[in-house]
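Trainee: Sequence:
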Amino acid sequence: MSGVEILGAVAAVAQLTNGTFKACLKIVKLLSKLENAPKEVLRDVADLEELTRLISSLNSPDDTQSGLVDLTDAQYIKELLDKLNSLGSELNHKLKTLQAQSSDSPPRKLWRDIVSVKRQDELSDLFDRIARTKSSIAALLPGLGIRALQKFKTFNTSEHDDIRNLMGNQHAADQASIVASEHKIIEAIKASTVEQGDRIEQLQLITTDTKFAVQEQSAQVELICGKLETSISKSTAHLEGELKQMETQLTILVNSIPGASNALVAKPQALAEACNQASAYFPVHATTPCRQQMLKDFGCCCRGFKATQFRKRGFFAYFRVEEVDHVPSCPLHLSKTTCRSRGFRVCLHPLLEYSIDIMFNTTSGAGGSSVAPVLRYYSTVQRAESPLFMLFDAFLIQTTSNNHQQLNILVSDTQKKRYQKYLEDLTQKFANLLYSDPSHARVKDERGHTILHDIVGVWLYRAHEIDMYDAVCQMVRLAAVAGVDLEAVDNRGYTALSFIMHTQWYLPQIKHYKRIEAVFLQLDCTVYRLRQPCCGSWVEMIARWISNLVSIPEYAESWGLDPIYAAVLYRSETSLRRVLDKGSNPNGMVKQNHIHPGNFPTPLECVVTMQWMAGFQMLVEAGADGLYALRVAEHRSDFATFTYLLEHSCSLFPHPCSGHRCPPGLKVDPESFNRFGGFYATKDITFAIRIAQELENRRGRLEDLVRMHLTLERYHRICSSQHSRIDVRAKDLYDLLERNGVEIPRSLWPGPQHSVFHIPQLSFTVAKELYARGFVSIDEPDEYGITPLELHCWDKKAAYHSNHIPLLNWFLEKGASPRFRNPNAPSLLFPTVNFGLGTPEGSKLLSYVNQTVDPSLTDNCSCFCSSSGCLPIHLFVFHHNRGHHSRRSKFEQWCNVSQLESGLLDIYSQEMCRLEVFDRLGMAHTCLKDYYLHKHTPYYGNDTKFTVCDGDSYEIQAEDEELREQLELILKAHTEHRNRFEGTWSEFWDRWWLRVDHILPEPDDREFGWHGERVARNATTREWAQESITIWRHDISSGRWKYEYKDREIDPLPQEYAGLNFIDIIRLELFPSEAGISDSVQ
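437 is the number of the first residue of the sequence shown in my numbering; add one for each residue after it.
Hints were generated in silico from the structure; no laboratory data involved.
Model, not experiment: these values are computed from the prediction.
From the three backbone atoms N, C-alpha and C, an ideal C-beta is built for every residue, glycine too.
Keep in mind that a hint or two might mislead.
No more than 25 Å apart at the CA atoms, straight line, and that leaves these computed lysine to any residue pairs for SDA-like [said to hold, decoys possible]: (1) 865 with 909; (2) 1280 with 1207; (3) 1280 with 1256; (4) 1408 with 1434; (5) 1204 with 1338; (6) 1119 with 959; (7) 1167 with 1182; (8) 1204 with 1185; (9) 857 with 923; (10) 1408 with 1345; (11) 852 with 826; (12) 1167 with 1216; (13) 1408 with 1393; (14) 950 with 902; (15) 680 with 959; (16) 865 with 893; (17) 1280 with 1338; (18) 1119 with 1277; (19) 670 with 658; (20) 1280 with 1296; (21) 1204 with 1256; (22) 1119 with 1204; (23) 1408 with 1427; (24) 1119 with 1145; (25) 857 with 882; (26) 1280 with 1303; (27) 853 with 863; (28) 1119 with 1212; (29) 950 with 868.
Quick list of the computed label-pair ranges, beta carbon to beta carbon [as the list claims (entries may be wrong)]: (30) 820 with 1394: 48 to 54 Å; (31) 856 with 826: 16 to 22 Å; (32) 1119 with 680: 28 to 34 Å; (33) 1341 with 1047: 56 to 62 Å; (34) 901 with 1245: 50 to 56 Å; (35) 1050 with 1122: 23 to 29 Å; (36) 1084 with 901: 46 to 52 Å; (37) 1342 with 1122: 50 to 56 Å; (38) 1420 with 901: 53 to 59 Å; (39) 1423 with 1288: 31 to 37 Å.
Given the sequences, and given the hints that come with them, work out the whole structure.
Mentor: Dropping the structure here:
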């Protein structure tokens, strides 16, 4: 199979939902009913039917069946009960066996659970028959005694009639003989009565025993049934959870790969073949392109190859060894062609492989039939193949004029009316297509766009000219009913709602844009997906959400918000007071999953954004936590609200997510607080002074509590390391007071950080004010050995702020050590300078670093990417400059600013060349220098240092030994050419890489997602939005809706290179003097 077909198969499995799983079970249940039941089950059913018939005969009014002897036959009843007990015991054994087979099991026992459903149907029939038998016995037993007494009365009356007749017909008989006859009859009656009474008592005992036996058996059956139902429900829930997790992982995997198509699976064999291959391999280029030219010249079309195990190489590549076996008819039959080729490989998830196997290749026991797929999955199609996509393309072509687009001429009223007519036709045709075939809504185009993305794109393109609110709402709701994937992401990783929110700068020009957003949110469209939050600023996103809620407050309930939100959004003091009096949580609750947990604004944030002071005071008095509201007030430059919150004992640091320190109902996430900076990132001097004053005041109150409740000796021993304020390990003092039973106000919680300078994204302005008020622990390492300087070096969020580099310079001026935990490794300050090169502060920092830390210092790295250990330049170019052109520009800036010596400059140039060729050859890094950072801590974030164990490192380097030989040969050529070159380093760099590109081309960044992924992630919101609008306007007249990527063409190698190994080609290309070829580098 081709890579596209395999990706189609993966996309198909990604759409398996809970409904498809239940449908599969129904198919198995239907097939099991058509087969012959097992003999044991048939025999048990026949026995139960016989028992039911016999018990029913006891209630028959037929005289032949209801005689006195049959009703009182205890042996007959005992036989029936023994038979019932034996059947119950056998049924109990079967139920226990079934319960053991259908216990809570992982997905590898899925088929066994499916087969158990068939047995469950047969057992359900047995249960019904037992219930009917039990009810028959229960109805029979109370009537047995009554019928026996009735028979006795009938018998006694008949005996008296016989006596009267006898006395009337024998008047002449002897009186003595009559009296004797009467005495005999009376004695017979008495004996019959005693015998009848004994039989009735015996029957009553049997009835009681039978009743208890039936009740006990019924209880056992109900208990076993309950356990069986619980076990099956647990197993089903477990499997549904596994399928949901698999669906989420596969959706992320498939949507992150451009070009996935043909996702409609019609045969299970195709899916099984995809799993057998275990990977999708897309060749990019070979390190021996002469092989391709040679095969092309000789007309070889052989496809057979044997590949070794794939291993990761570099950041994006995988290597394999191909050994082509030519067929006898091939001109190259007697030769063997071997090469190492690079490609991008997508590994299938192991759970996916196994689930595909059990869902499509597993049979229902010996001789059973396999489960065939009967559902239609989401498919990826070309836009020209989908009538819905063609509708939107045609609409944009109709409403686009080349003159208007080029000259930016406004649209006239006549044209607007014509556009409105086109829109009505579009809406009508859209509805007709979905009504005729809803499957049109379950497709994606080449970019991963669904029809929701197209609706949003058309709306953003034309909504500023015509009113499209009603049409957009109608089409969105029709698409949702038709089954469109509301959480689908395109190749850039954005949902339809994310597409709207990323163009927020453009939306104010569009009418009803707030209501359009509310419609998407009402349908539970996903706000977040694969990337960072949709809006660049957290507070701006809060304002957007609140503006939507204020315009349509009734949507608050559909979002799963507490009633307190409705009271706040309506600005109703009466409703807010009534809700608070009922004990509602003043911090609010969010129940819906489409809003990221912990990321929705609290009611206090809402009232601060809305500037509703009456509601603000009511919430503060009710005990609402104002930590996040402080951030909103600082962002809005509302100093009065900021001060009011601090005066009412608002927390300055996030509380733990559990324990009594956490506000009731509010789970404050420290990582979420740090990720968005908080108010400690302010650059306003007024706010900075107020923050420093409040911290000084609260630490003073904490110090008073320590002095009050601890002994003087213990106080001096603990606080001896403090300078003027309790700062270092203030959390430990807080915990110590708690353990001693001291009641501490919640506002005095010092935060989990080691010192105030360990606060992430701390601004330069706030740091200076804290230092002026006695917080001077600027170089104290925490329990992980991290100093504030090291922490802020790797604070990537703060690196984009203008006060990041000045803060680092200030730390160094105050005496912070530039040497971190590992003195033998390059300083982490080198890659940090990357953000400030070209600025005065950045140049100052780099100059200071070069004077303090030896630029030629290496670590103990044994990776082939460096000659004898990694230099600072390795960390510098690795941190954010992995592309070839970025490395060159940053390296030139480094050389110009740092003014390195000529010898050190040559060393750095050699190492830069080694690193670039290392990556082009696809060799694997064993140093992973990009992750030189501290371990994961709950407060600092999740940046982790990944390491490669020695065993894996040796194995990887052994596999790369042949590539290392090629690497060293290219570096040798680099040294020789550089020594002979008489021009500048920049001129030599350009000519050198032109020569290397001929045999070892640079991988296309766009092909590996560098252009799409990195630009989209790092660009500003306005840049992304402008690019999004440009996409929709791109080449409208011809109807082509895709990126025009220009593929890189590799020049064919000379004919004399055919049949040579790659190392021979290196010698011919880079050592021309040895082969008698002119040197083009000169």
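Trainee: Mind listing which of the numbered hints don't hold for this structure, in increasing order?
Mentor: 5, 6, 9, 20, 24, 25, 26, 29, 32
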